[in-house]
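Q: Residue numbers (the working numbering), protein chains in the order written: chain A, 1 to 332; chain X, 1 to 261.
In case anyone wonders, no lab produced these hints; they're calculated from the structure.
Computed from the model, here is a short list of chain X residues facing chain A with C-beta under 10 Å:
id	residue
1	Ala60
2	Pro80
3	Ala82
4	Glu83
5	Asp90
6	Pro137
7	Arg152
8	Ala153
9	Ile155
10	Asn156
11	Pro158
Here are a few chain X residues that face chain A, going by a calculated C-beta distance under 8 Å:
id	residue
12	Arg84
13	Leu86
14	Phe88
15	Pro95
16	Trp96
17	Ala108
18	Ala109
Predicted, not measured: the structure shown is a model, and the values here were computed from it.
Idealized CB from N, CA, C, for every residue including glycine.
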Amino acid sequence: MTFMSQLASDAAVTNKPSTLPWPMQLAVPVASLITFGTHWLIAQKAPPLETHSYMLLFWEILGVSIILAIAQKFWPPLRKWMRHMWPIFTAAILSFGIWDVITAGMHLLPLPYFPGPATVLRSLISDRGLLFDSTWHSLVLLLSGYILGVIVGLVSGVCIGWSSSVRYWGMPLLKVVGPIPATAWIPLAMVVAPSSIVSAVGLIALAVWFPVTMLTASGISNTRASYLDVARTLGAGRLYLIFRVAIPAAVPNIFIGLFMGLGASFLTLVVAESVGVKSGLGWYVSWAQGWAEYGKVFAALIIMAGFFSTVMTLLFKLRDRVLVWQKGIIKW
Amino acid sequence: MAAASGVRVHKIYKSFPMPDAPSTSRLALGGISFSIAASELASLVGPSGCGKSTLLRLIAGLDVPDSGELLVGTEKIAGPSAERGLVFQDPNLFPWLTVRRNIEAGLAARGVLREKRNEVDEFMRLVGLEAFANGYPHHLSGGMAQRVALARALINHPKVLLLDEPLGALDAFTRMRMQDEVLRLWENRRTTMLLVTHDIDEAIYMSDRILIMTPAPGRIDREIDIDLARPRDRTSDSFLRFRTEILEHLHFAGKVANVPA
Numbered sequence: 001m002t003f004m005s006q007l008a009s010d011a012a013v014t015n016k017p018s019t020l021p022w023p024m025q026l027a028v029p030v031a032s033l034i035t036f037g038t039h040w041l042i043a044q045k046a047p048p049l050e051t052h053s054y055m056l057l058f059w060e061i062l063g064v065s066i067i068l069a070i071a072q073k074f075w076p077p078l079r080k081w082m083r084h085m086w087p088i089f090t091a092a093i094l095s096f097g098i099w100d101v102i103t104a105g106m107h108l109l110p111l112p113y114f115p116g117p118a119t120v121l122r123s124l125i126s127d128r129g130l131l132f133d134s135t136w137h138s139l140v141l142l143l144s145g146y147i148l149g150v151i152v153g154l155v156s157g158v159c160i161g162w163s164s165s166v167r168y169w170g171m172p173l174l175k176v177v178g179p180i181p182a183t184a185w186i187p188l189a190m191v192v193a194p195s196s197i198v199s200a201v202g203l204i205a206l207a208v209w210f211p212v213t214m215l216t217a218s219g220i221s222n223t224r225a226s227y228l229d230v231a232r233t234l235g236a237g238r239l240y241l242i243f244r245v246a247i248p249a250a251v252p253n254i255f256i257g258l259f260m261g262l263g264a265s266f267l268t269l270v271v272a273e274s275v276g277v278k279s280g281l282g283w284y285v286s287w288a289q290g291w292a293e294y295g296k297v298f299a300a301l302i303i304m305a306g307f308f309s310t311v312m313t314l315l316f317k318l319r320d321r322v323l324v325w326q327k328g329i330i331k332w
Numbered sequence: 001m002a003a004a005s006g007v008r009v010h011k012i013y014k015s016f017p018m019p020d021a022p023s024t025s026r027l028a029l030g031g032i033s034f035s036i037a038a039s040e041l042a043s044l045v046g047p048s049g050c051g052k053s054t055l056l057r058l059i060a061g062l063d064v065p066d067s068g069e070l071l072v073g074t075e076k077i078a079g080p081s082a083e084r085g086l087v088f089q090d091p092n093l094f095p096w097l098t099v100r101r102n103i104e105a106g107l108a109a110r111g112v113l114r115e116k117r118n119e120v121d122e123f124m125r126l127v128g129l130e131a132f133a134n135g136y137p138h139h140l141s142g143g144m145a146q147r148v149a150l151a152r153a154l155i156n157h158p159k160v161l162l163l164d165e166p167l168g169a170l171d172a173f174t175r176m177r178m179q180d181e182v183l184r185l186w187e188n189r190r191t192t193m194l195l196v197t198h199d200i201d202e203a204i205y206m207s208d209r210i211l212i213m214t215p216a217p218g219r220i221d222r223e224i225d226i227d228l229a230r231p232r233d234r235t236s237d238s239f240l241r242f243r244t245e246i247l248e249h250l251h252f253a254g255k256v257a258n259v260p261a
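Using the sequences plus the hints, can you model the full thing?
A: Below you can see the structure in the form of structure tokens.
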């Protein structure tokens with residue numbers, strides 16, 4: 001993700017565009033007109049379809065793209081951004097049209113499982129209150145579980161990585177218990193935990209704990225011996241060796257664990273919400289499915305995509321900040 | 001920390017288990033003895049595998065000898081300490097710290113950074129790296145990185161500075177410049193220095209005394225005082241005489257060597 005944007009900015013630096021060619025400026029408006037026109041034709045054939053908000057969306061896209069096309073003449077950074085982004089936006093808008101044709105237009109996919117984009121947008125708008133609420137609950141649950149899992153994982157990882165006696169007892173436990181998918185504990189967790197929220201937090205934490213511990217421990221125990229030797233001859237005590245040498249040296253590894261843990265936490269969150277917890281996006285999906293409201297299912301999936309990728313991006317940003325010293329050594 | 005101290009190495013034995021047969025062991029140092037005066041710059045020269053680095057690690061306190069006595073001044077060496085700085089061939093700068101923070105690391109490790117922060121600037125100047133203060137180590141050339149490593153070791157005012165082939169990885173020109181740099185630091189601070197090298201010219205150019213080591217097991221074979229005035233001329237007759245003497249001693253002069261490589 002970051003790598004791609006890096007690449008883009010590099011490319012932008014090498015060929016400074018003075019103007020944006022007409023085809024590039026027109027691609028997005030034309031694509032939205034095509035998609036819009038297709039939808040209009042489909043809507044003519046199927047009158048009961050409520051498409052007002054979808055139509056409105058296209059007027060907005062059209063409007064914004066025209067405004068941007070004008071604004072880029074006066075603002076070079078925007079021009080660079082548009083030069084880079086126009087193909088992906090064009091493709092995205094056209095793919096909405098294709099989706100529309102396949103579903104609402106030609107009924108190639110069975111209803112009600114595959115609604116058209118207009119239906120999904122309508123669900124998104126009409127159910128926004130509940131969707132927002134679900135997203136909020138998911139966020140709180142995700143963060144509580146993730147942060148708990150990371151803290152416990154870092155502590156246990158550092159202990160296992162640093163002390164050979166902790167490693168002797170901890171490593172077998174980690175190797176046996178760790179690979180069990182957190183979701184497999186659900187039946188047990190529901191019995192043991194006082195509430196479904198607590199059990200979900202625990203499960204997410206467990207899912208995060210394993211990769212974070214594993215990667216932290218290996219990072220710590222693989223600290224270059226010469227860094228530790230140098231620090232010792234500088235008069236470092238144990239705390240300095242652990243916190244100022246071994247842990248910083250392990251940070252690149254720790255971040256791999258954090259990313260793996262984040263992926264595992266998304267999975268566990270959605271599963272835990274759909275089987276136990278009575279709130280959140282996972283719950284919303286299975287609830288909407290129960291009512292056969294697939295427009296809402298897709299709406300929730302879209303929210304999830306945005307939500308999870310935002311969280312992932314934030315972790316990437318954090319990594320870029322913390323590992324700024326690696327810039328120029330490693331290509332991410 | 002106090003002024004420079006001498007080092008006394010007395011009948012040190014150290015063996016290591018053989019990697020392929022852990023029950024047997026190889027004697028790396030067989031009763032080695034020598035001493036270095038306070039403020040002296042001595043070199044250990046010898047073929048690779050003769051136990052030079054092992055000896056340096058013992059003096060640094062990173063390893064423990066099987067038997068024998070190691071003294072700095074009058075104190076027994078009981079483990080690593082900021083009194084005995086160590087610089088390796090690889091600068092081993094902490095890549096996650098800026099140049100300035102690397103130099104500060106010695107103070108931070110001892111927990112005296114707050115009181116002594118003003119000294120950092122002095123050491124940055126001493127090694128001429130003010131301009132790179134906020135850069136990260138991977139932006140530095142080999143010579144610059146090694147200067148940072150020297151400053152990092154010297155900021156604790158060690159009584160002894162141990163140098164394990166510190167210039168071994170540098171190109172010939174940088175290397176000669178850095179030899180002068182180290183000499184300047186030494187003349188400036190009069191820290192006792194023990195330099196491990198297998199560059200005979202470097203040893204003659206820099207040291208007050210050269211200790212020639214032979215392997216299997218490692219011991220001091222010969223000591224040569226280099227009584228030339230500094231700065232030394234690498235092309236002078238007396239310099240070359242020392243060179244010949246050492247090469248002959250190591251059986252590398254003219255005739256084919258009959259010592260194990």
